[in-house]
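Keeping their order, the protein sequence lines are chains A and B. Here the first sequence is numbered in the working numbering, starting from 106 and rising by one per residue. Here the second sequence is numbered in the working numbering, starting from 170 and rising by one per residue.
These are calculated hints, taken from the structure and not from any lab test. There could be a bad hint or two in this list.
[Stated by the list, open to error] Straight line, CA to CA, 30 angstroms or less: simulated DSSO-like cross-link-like pairs of lysine-lysine:
id, chain 1, residue 1, chain 2, residue 2
1, A, Lys238, A, Lys356
2, B, Lys176, B, Lys391
3, A, Lys318, A, Lys238
4, B, Lys186, A, Lys261
5, A, Lys261, B, Lys277
6, B, Lys294, B, Lys277
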Amino acid sequence: MNWLASIRDHRDRFIVPVVLILAWECLSRSGLLPASLLPAPSTVCVTWADWVFGIDESSQANSGRWIFDALSSSLRVFAGYSIAAVTGIALGVAIGWWRWVERTIEPTIQMLRPVPPVSWIPLAIIWFGIANKPAIFLVFLGAFFPVLMNAIHGVKTVDRNLIRAASMMGAGEGQILRYVVLPAALPSIFSGLRIAIGSAWMLTVTAEMVAVKSGLGYVLWDSYYFMRFDLVIAAMISIGLLGFLTDGAIKIVMGRILHWQHGQTVQGRNH
Amino acid sequence: MASIELKNIVKIYADRKRGRELLTIDHVDLSVESNEFLCLLGPSGCGKSTLLNMIAGFETATEGEVLVAGKPVTRPGADRGMVFQQATLMPWLPVWDNVAFSLKLSGKNADERRAAAQPFIDMVKLTGFENHYPAELSGGMAQRVGIARALLLNPAVILMDEPFAALDAQTKIEMQEELVAIWQRHQGTVVFVTHSVDEALVLGTQVAVMTHRPGRIRELIKLDLPRPRDSTSPEFNEYKRHILALIREESALAKADMATA
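Based on the provided sequences and hints, a complete structural model is requested.
This is the structure:
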């Protein structure tokens, strides 16, 4: 039993969640609170299982529809996040490298940055209607700025001597950007990408509560109207799980690309 | 034809904070023949690194002209190799790809780069470390990679800015010996900035001693010493005494200047 062995090896990771869940179960069953306000984990699990597999209709209209909700939320995240990553990195590198770009574009961007993405919801609905587009737009807004700021920072902190060494070997400006500045800025760009994936999930869910009629956020808000807190919690856990998985995927890509950092940083030390 | 010519170089820095101008190099005239190993020796702040950076093309002279192989220097370029005080290796590239970085710039594929880098890696005695990353190397090894990288360009001129200053004494001696051996086999003009008299005497065919600021060439000394250099021989110490006397005079003058300023 391979997975049993792996659970035994990582025993310390399970202690805190198991204790928390047990305490919660006991609290719910003790009757201190009405069961509908704080459903027990076991109830949440049953509802969630029906939402995913359509077993006993305990999640009513949502029965068996989890995969569609998860997919539509994920697609919105993927679309908005990809656009934000590409434009954020490109613009960030340009702002970090060329003074004239910094002078012309940065003040505008710094004024837009403090505006909470959520406050764009009215305009997003007016411009894009009620469907995927306003959600993608909000995800883009939320993910764009962390990527941008970190890309700018990454470029600005490149060791000047590396650029000197490259130009001494005959590198032109384009080559310096491609072979020196971009790889040197990658660690910083990746921390931006990881912060951004969190914002992306946050904003998909927010958009779905307000401007979209599908997805995990929509189910969450809809269940709230029907006082189905077991479904609300199941939706919350689903979002957390997907956020965790997407962050894990980015971490794996990052580890592959930044493998040269091992042995140089705290991250590379033995666990 | 001289390999490197510095003609009447003057460098004035504008010190904007204090609203005045700072004369750092005052009419330096120097010409280095092909295959010479010139050591630029002087107290810190005398402008020796500034002179080197002008030959490299990182800085421009306020007055005067720098010629390499008869052509004025306007910008950094692959006709001159440079080894920096810190190894300045790309941390994301393994040793072989750092050595062959210039070939990456000219669009060679990985196999060609690896093959071209190998003899230079062997030359600086890093065989077996081809796939190591800079973070896994000691200071001396990193500096060897920097030297191999400069040699691969096969430049007529190699500029070195105190490349061994940060190394421990033992590694420093080894590296100096290897550098001389490489230079003898490879040929080419070397300009080597240092503040160590011993280092200059072990390496150079000639030593240019600079004055304190504003920097001028105090004396250009041709070294007539057999190789390998024996730092305990009377001739070696004759040169050393002479140069140390010059330097002592210069630092006394520098202190006197400080006192009056």
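Results of checking the hints against the structure:
1. A:Lys238 / A:Lys356: Holds: A:Lys238 and A:Lys356 sit about 28 angstroms apart, inside 30 angstroms.
2. B:Lys176 / B:Lys391: holds, 20 angstroms
3. A:Lys318 / A:Lys238: holds, 12 angstroms
4. B:Lys186 / A:Lys261: Satisfied, since the Cα-Cα distance of roughly 24 angstroms is no more than 30 angstroms.
5. A:Lys261 / B:Lys277: Cα-Cα ~29 angstroms, so holds.
6. B:Lys294 / B:Lys277: Holds, at about 24 angstroms.
Figure legend: structure checked against the earlier numbered hints; every hint is met.
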